[in-house]
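Sequences and hints are given; from them, build the entire structure.
Chains as they are written, first to last, in my numbering: chain A, 1 to 400; chain B, 1 to 629.
Since the hints were derived computationally from the structure, they do not count as laboratory data.
Positions of the beta carbon are idealized from the N, C-alpha and C atoms, including for glycine.
One should not assume that every hint holds.
[What the hints assert, rightly or not] Cβ-Cβ distance ranges computed for the label pairs, FRET-style:
#1 B:Gly137 <-> A:Gly272: 21 to 27 Å
#2 A:Pro342 <-> B:Trp116: 48 to 54 Å
#3 A:Ala219 <-> B:Ile157: 17 to 23 Å
#4 B:Leu160 <-> A:Lys164: 37 to 43 Å
#5 A:Ala219 <-> B:Val149: 52 to 58 Å
#6 A:Asp390 <-> B:Ser454: 37 to 43 Å
[To be verified] To give a feel for the contact side, a few chain A residues facing chain B, derived at Cβ under 7 Å:
#7 Tyr173
#8 Glu199
#9 Ala215
#10 Lys247
#11 Glu250
#12 Thr285
#13 Pro286
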Amino acid sequence: MRARNYFVGAAFALLAGGMAHSALAQDIKIGEINSYSLLPAFTEPYRKGWQLAVEEINAAGGINGKKLVVVSKDDGGKPADAQTAANELVSSEGVAMLTGTFLSNIGLAVSDFANQKKVFFLAAEPLTDAVTWSKGNKYTFRLRPSNYMQAAMLVEAAAKLPAKRWATIAPNYEYGQSAVAVFKKLMSEKRPDIQWVDEQWPPQGKIDAGPVVQAVAAANPEAILNVTFGADLVKLVREGNTRGLFKGREVVSFLTGEPEYLDPLKDETPEGWIVTGYPWYSIKTPEHDAFLKAYQAKYNDYPRLGSIVGYQTIKAAAAILAKAGSTDPEKLIAAAEGLSMPSPFGAITFRKIDHQSTLGAFVGKTALKDGKGVMVDSAYKKGADYLPSDAEVEKLRPKD
Amino acid sequence: MAFYVVQFLTGLASAASLFLVASGLSIIFGVTRIVNFAHGAFYMIGAYIAFTLTERLSGAFGFWGGIVLAAIAVALIGVLVEMVLLRRIYHAPELFQLLATFGLTLMVEDLVVLIWGPDDLVGRRAPGFKGAIDFFGQNIPSYDLFLIVLGPVVLGILWLLFQRTRWGVLVRAATQDRDMVAALGVNQKWLFTSVFAVGVFLAALGGALQIPRDAVHHAMDLRIIVEVFVVVVIGGLGSIVGAFVAAVLVSELNAFGILIFPKISIILVFLVMAVVLIVRPWGLFGKPEAPARKTPGLTVNPWRPLTQNERLMALAALVIAATLPLFAGNYALTVGSEIAIFVIFAVSLHFLMSVGGLASFGHAAYFGLGAYGVAFLAKMAGLPMIVCLLLGPLLGCMGAAVFGFFAVQLSGVYFAMLTLAFAQIVWSIAFQWVSVTGGDNGILGVWPEKWAASPSHFYWLALGVATLVTIALRAMVFSPFGYALRATRDSLLRTEAIGINAKRIQWTAFVIAGTTAGIGGALFAYLKGSVFPDNLGISLSVDALVMVLLGGVETVSGAVIGAIVYKALNIWLVSQTDLSKLVLGGFIMLIVVVFPKGIVGMLEMLAQRRRKASPPGSPLLAKPIESAE
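Dropping the structure here:
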């Protein structure tokens with residue numbers, strides 16, 4: 001049942017009005033917020049991931065001997081509701097830090113809340129560069145590779161393609177806009193000979209795929225950048241396949257290799273797209289093997305990228321708390337800056353300069369295998385290699 | 001050239017999908033006057049059930065059989081909903097059914113995830129329509145051609161059904177004048193049930209037919225419902241041909257619009273609707289509604305100011321509310337502030353809807369404009385908080401003045417939809433004008449100054465403003481202006497006959513309501529410290545409607561109770577469970593059935609019964625007076 005989002009019996013205490021504390025005083029509480037009801041496809045595996053992490057941490061003796069408790073809240077996909085939840089977690093649950101969020105605007109809303117209320121916030125999912133750069137603040141850290149990093153990883157592969165005429169298809173909101181903007185900028189730096197011949201901006205979640213595919217085809221590009229995902233991606237791929245849009249054209253696509261978005265495509269998965277993603281079936285490292293084994297043993301299901309993000313968010317939170325030896329936000333910040341830790345993708349570090357973690361992503365190509373979409377020829381790209389120079393970051397980020 | 005032909009055909013295919021769903025909505029509305037918010041939910045269930053059936057049943061027969069079976073199954077669910085739920089509330093105030101179907105929609109969104117799981121589902125392609133046909137080097141999917149043919153075929157069948165069968169004659173008669181049809185001895189119950197079933201069948205069929213081209217997921221309903229409403233209104237309510245033409249118009253404008261303005265899709269349908277309604281107030285093929293036969297004052301308790309005792313009770317409640325900071329923690333106070341702000345928002349809509357008889361579907365626009373007003377003043381001009389709070393709502397006022405001028409030229413559902421269109425236009429400006437509004441990332445850092453920063457101080461501020469606003473609007477209800485406004489609501493013709501400039505009165509009311517909503521928005525910006533396009537969005541407008549309806553649309557200040565109950569429950573449920581929509585939807589449906597006059601309306605009726613030994617008339621026969629007519 002999805003309703004059980006509280007960890008270990010905290011639910012009944014909460015029902016008693018949010019005043020009672022069933023958790024013992026020496027427990028360490030983390031507040032977690034995500035769009036569980038709006039985006040279950042991503043947040044369900046995410047929840048499983050962090051629950052696994054909590055279990056592992058407590059089995060290993062907790063944080064400096066104290067038990068870790070995660071109190072989780074749904075934000076319904078609305079920034080205002082996320083702030084209500086953040087407020088509840090901080091004011092009446094007394095959590096040591098906030099974590100989570102998926103959508104960029106919610107990540108920013110919670111980050112602004114954290115800055116105002118002087119609470120430590122570890123953003124898990126939101127991709128917007130603003131979280132760590134233009135609207136960054138000293139209380140906010142971020143785990144996932146940002147828009148810029150993913151764009152830089154894709155550009156590295158895309159620049160090698162011979163194609164000169166490019167078209168873009170992206171959802172019409174901040175994520176799509178900034179993904180296209182960064183990709184274009186980095187691409188044009190590497191390949192001044194490139195022409196951008198068309199751009200399509202379907203509304204997020206409401207793509208009318210037929211006309212969009214037709215319009216892109218009419219511009220006759222040699223390569224296409226796609227930023228749509230979820231149900232929009234399905235529609236785009238289906239129309240594109242039927243109308244032959246992808247035939248003889250290179251496609252570079254954000255996030256499409258993530259199981260959340262790749263698996264629904266089943267036998268209609270287009271082949272040869274250059275994508276970022278998470279090929280859990282072909283990662284052969286001891287760190288990932290351990291994670292995969294534990295995850296499959298607990299849930300009898302394979303992990304999605306959300307599982308990794310949820311797992312690592314809580315692992316990172318625990319590492320920060322353990323190093324700080326305190327729940328004081330200033331000490332948490334000091335502990336987190338420059339902190340390195342293991343992850344299923346290998347060691348990662350939270351950079352002091354912009355509070356971005358160096359978690360990377362896999363870049364590879366899509367392929368069909370037994371009627372299912374998979375990523376092949378994939379390689380892990382370390383996040384640290386795809387960030388701009390410190391001098392540039394200094395310029396992007398306001399002074400605290 | 002071939003490209004333009006193919007683009008045109010692609011537009012037609014999109015139009016066909018839209019038309020199927022829209023025609024169902026149009027039929028239901030035309031006859032039963034239900035604003036069926038759950039139409040999108042039926043569309044979604046149709047897709048889910050069709051997915052399951054087409055995966056289970058094999059072969060071409062299995063596929064097409066599965067599609068039809070799914071539509072029939074959902075139609076049966078629709079019949080059940082109509083008989084169990086809607087039949088009980090046909091006599092409730094108009095728009096109250098909106099509340100019931102809204103509750104149903106909330107429940108369905110959670111239920112489909114519980115039943116079919118959270119992942120996007122991709123069904124199989126239609127047998128025989130998998131590929132594409134080459135048209136001078138352009139590919140047209142054969143399934144698109146199938147849809148292009150299906151649209152007019154369904155239109156033809158519906159036309160025959162309505163023109164050539166006795167049932168159709170009755171439906172058309174009921175669309176024109178359902179009271180007269182009832183007076184002539186037609187069994188309305190079964191007529192309504194059958195119409196509802198046909199409408200739901202079409203919605204589910206529309207959803208099921210998306211299987212080969214779309215992904216099935218739990219947000220499909222929201223994606224389609226607003227668009228379908230818009231199509232129905234552009235075409236003219238109750239007009240099937242109108243719905244078809246409107247669907248084609250919207251789809252073709254989109255197909256060709258994106259060639260020139262790739263970002264147009266986000267707002268196109270609303271632009272078209274705004275233009276059409278301003279030029280043709282009843283849609284392309286709609287007819288002016290006959291003046292409703294209303295007999296206000298006979299069956300409804302006339303409004304009266306509070307008695308001395310009631311005033312004392314209200315004062316006591318206020319005093320208790322004001323002492324909250326003495327014993328409640330910071331979180332409770334922040335929630336209290338939020339509720340107080342939503343009281344302001346709800347009473348502002350209530351003023352327009354109950355007193356003025358103008359139900360706005362886009363009231364959040366003025367709330368959000370107030371919030372953006374504050375954000376601009378605070379972040380760009382750097383003005384102090386008190387000045388921002390005073391001046392910020394002026395943006396809401398200006399918006400209401402401009403849009404209200406056009407909106408009050410219409411009435412009923414057309415008024416509602418035009419306000420929705422304006423709200424969506426404002427929303428898309430906030431969403432798209434990234435350099436000024438920050439787009440969907442919003443404007444951050446709008447926090448209150450020191451004197452109001454503590455939760456208790458802010459709570460007192462919000463409570464104080466909410467109290468003042470409620471008192472002011474109440475005073476206005478019983479002022480000469482209030483009487484004139486109620487007159488325009490009860491009978492526009494008679495009002496104008498005695499020399500009241502009805503449009504000007506309504507426009508003034510619109511501006512008052514918009515400004516008041518702006519005050520709520522201004523406080524909201526400071527409460528949250530940030531402003532997002534969400535603050536202008538449809539879901540907030542719907543929230544306001546729900547609060548007013550829940551409190552009781554026929555009451556003077558029911559919205560206050562409606563706002564408190566709905567907002568408190570909503571915040572509590574979201575905090576307690578991921579299935580908040582399921583529980584909240586169930587609760588709303590329960591309220592609808594148990595309290596068909598809203599919470600306050602029901603309490604008033606009970607009090608009334610106690611006062612008089614014999615009530616003036618059975619409440620079941622009471623005809624509503626406010627409404628969107």
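(message) Interface hint check: Pro286 (chain A), Cβ to nearest Cβ on chain B, cutoff 7 Å. Holds or violated?
(response) Since the shortest Cβ distance to chain B is 30 Å, the answer is violated.
Consistency of beta-carbon spacing, Trp116 (chain B) to Pro342 (chain A), with hint 48 to 54 Å:
37 Å, violated
* **Whether the CB-CB distance between Leu160 (chain B) and Lys164 (chain A) falls inside 37 to 43 Å** => 56 Å, violated
Assessment of proposed distance window 52 to 58 Å (beta carbons of Ala219 (chain A), Val149 (chain B)):
30 Å, violated
query = Taking 7 Å as the limit, does the beta-carbon of Tyr173 (chain A) come near enough to a beta-carbon in chain B?
reply = The hint holds - Tyr173 (chain A) has a Cβ within 7 Å of chain B, the shortest such distance being about 5 Å.
Lys247 (chain A) was flagged as interface toward chain B. Is the shortest Cβ-Cβ separation under 7 Å?
10 Å, violated
Exercise. With respect to the beta-carbon atoms only, verify the hint that Ala219 (chain A) and Ile157 (chain B) lie 17 to 23 Å apart.
Key: 40 Å, violated
Inset, instruction - So, Ala215 (chain A) near chain B? Judge it on the closest CB pair being under 7 Å. - result: Ala215 (chain A) check passes; min Cβ-Cβ to chain B is 5 Å, inside 7 Å.
| query | Would you say the C-beta atoms of Gly137 (chain B) and Gly272 (chain A) sit inside 21 to 27 Å of each other? | reply | 23 Å, holds
Cut-off 7 Å, beta-carbon criterion: hint that Glu199 (chain A) touches chain B:
For Glu199 (chain A), the interface hint holds, since the closest Cβ of chain B sits about 6 Å away, which is under 7 Å.
**Q.** Verdict for Asp390 (chain A), Ser454 (chain B) (Cβ pair) under range 37 to 43 Å
**A.** Check passed, 39 Å falls within 37 to 43 Å.
| query | Is the hint on Glu250 (chain A) kept, meaning its closest Cβ partner in chain B is under 7 Å away? | reply | 19 Å, violated
Checked against the numbered hints above, the structure violates hints 2, 3, 4, 5, 10, 11, 12, 13; every other hint is satisfied.
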